[in-house]
Every structure is written in C-alpha cells, then in structure tokens.
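**Q** Residues per chain, in single letters:
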Amino acid sequence: RKEVEQDPGPFNVPEGATVAFNCTYSNSASQSFFWYRQDCRKEPKLLMSVYSSGNEDGRFTAQLNRASQYISLLIRDSKLSDSATYLCVVPCTERGNNRLAFGKGNQVVVIP
Amino acid sequence: GAGVSQTPSNKVTEKGKYVELRCDPISGHTALYWYRQSLGQGPEFLIYFQGTGAADDSGLPNDRFFAVRPEGSVSTLKIQRTERGDSAVYLCASSLTGDGAYEQYFGPGTRLTVT
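Protein chains in written order, with the working numbering: chain A, 1 to 112; chain B, 113 to 227.
Isolated chain A (complex conformation) (with noise of 0.2 Å):
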C-alpha cells in the first residue's frame, strides 16, 4: 500500500460551489497532516497543517479521521485562483529526518 494515496481527479467546479476530497495515509502512527498547495510548474507551498481533529483557515477546512486513517480538505465559495493541485503530505519520521511523503495531488479547476 502506498504511504498517501489521492484519487488525482481533474474535480472541475463551478465559481463559488464547495468541493471536497480526501487522501488516505498507511502509517497509523503519524501524528502530523499537510495539505500543500501547488500551481503549475511551480514549487509546493504549505496550504494548512493538521494536528488533530482538523483545522480551518477561511474557506479551506481539514479534517482528520485517525480511525479510517484520511485526511480530507474541504474548500468553500471556490474562487478562479483556488485552481490548483492540493497535495496531500504525510511526515514520516521512522529515520528521525521528517522526509514528506506526497499524495499524487487532487487537481481543482474552478470554472468561471
């Protein structure tokens, strides 16, 4: 099983409509969530972390399920600049290095 596994999508939405997905982790021991953000051909850059049950900034909410082991990011009144890939990243820690391991990504289109 794949350490982050993402169904890559394209999820094509509307201007203004909420869209959500999930990614799903194998280490039950992380203790530790990211959803990167990342534009094309551009770096990642860290969206929001997840400590706990979840966490919201805005219009993004993350949650976390420990129990069945996913994550979820949640975008509400989806804006033309949300247009992007969401990276789901898990720490792995097992060497002490804090190495991120990445979901394919769910790439968002909003449609005007």
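Treat the hints loosely; a few may be bogus.
To be verified - Result set (DSSO-like, lysine-lysine): computed pairs, CA atoms no more than 27 Å apart in a straight line: (1) A:K2 / A:K42; (2) A:K45 / B:K123; (3) A:K104 / B:K123.
Read the hints as simulated data drawn from the structure, not as lab findings.
With chain A held as given, fit chain B onto it using these hints.
**A** Just chain B now, with coordinates in the frame of chain A:
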C-alpha cells in the same frame, strides 16, 4: 527574505551525460532535502542532509545519483550517465531543523530533460 534557490531552472542533456543541480537553502537552515517530481506525480524523497552529512539517502534510486553538502549550506545533486527516465523536476527544500518542528520550504525546482 530570500527563499530557497535552485540552479539551473532548466537543464537539457543528452542520454549518458553527467549533470549537477545546485540548491541554495534559506540561510541558517540546517536540514536540506532533495525530492524528485515526475509528471502527474507528487514529489518523491531522494536524500536528507542534517548539516554536512547525508543522514538518509534511502530515496536515491541507484548509484548514479549522489549528493553533497560540504559546508552545510549549498548542496549539489549529481547524476552520472543520465537516462531518459531521469527526466523530472528536482526539488530542494530546507527547514530550520530536521525534527519536524519547522516547515519545509521548497525551491522552484530544476526541470531536467534527458534526450
């Protein structure tokens, strides 16, 4: 302040050639990571440096890949006898420490194309 920088931004090379990719981390960051991102995939870990030493090189695909960080700042990823399958974006990231307490900041990447 200045972020992570990488040079060159693009590199086209012929199969079998040797290439070097450079990463300048954020000043003062002791932890440095190299990742590789192929089209349609998320970044994949290659190697981690804590200071000058390669603390974890378990992600390097084979012995054609090697990386150094001689003074604990700039790092160079070296690829010998390049193959077409090496074509990808090579991303460098740095963080203040390697213990997970601080965010990893990514550079813009080097897009390597092997023809």
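**Q** For every hint, state whether the structure bears it out.
**A** Quick rundown of the hints versus the structure:
{"no.": "1", "hint": "A:K2 / A:K42", "result": "holds (24 Å)"}
{"no.": "2", "hint": "A:K45 / B:K123", "result": "holds (23 Å)"}
{"no.": "3", "hint": "A:K104 / B:K123", "result": "holds (24 Å)"}
Consistency note: the structure conflicts with none of the earlier hints.
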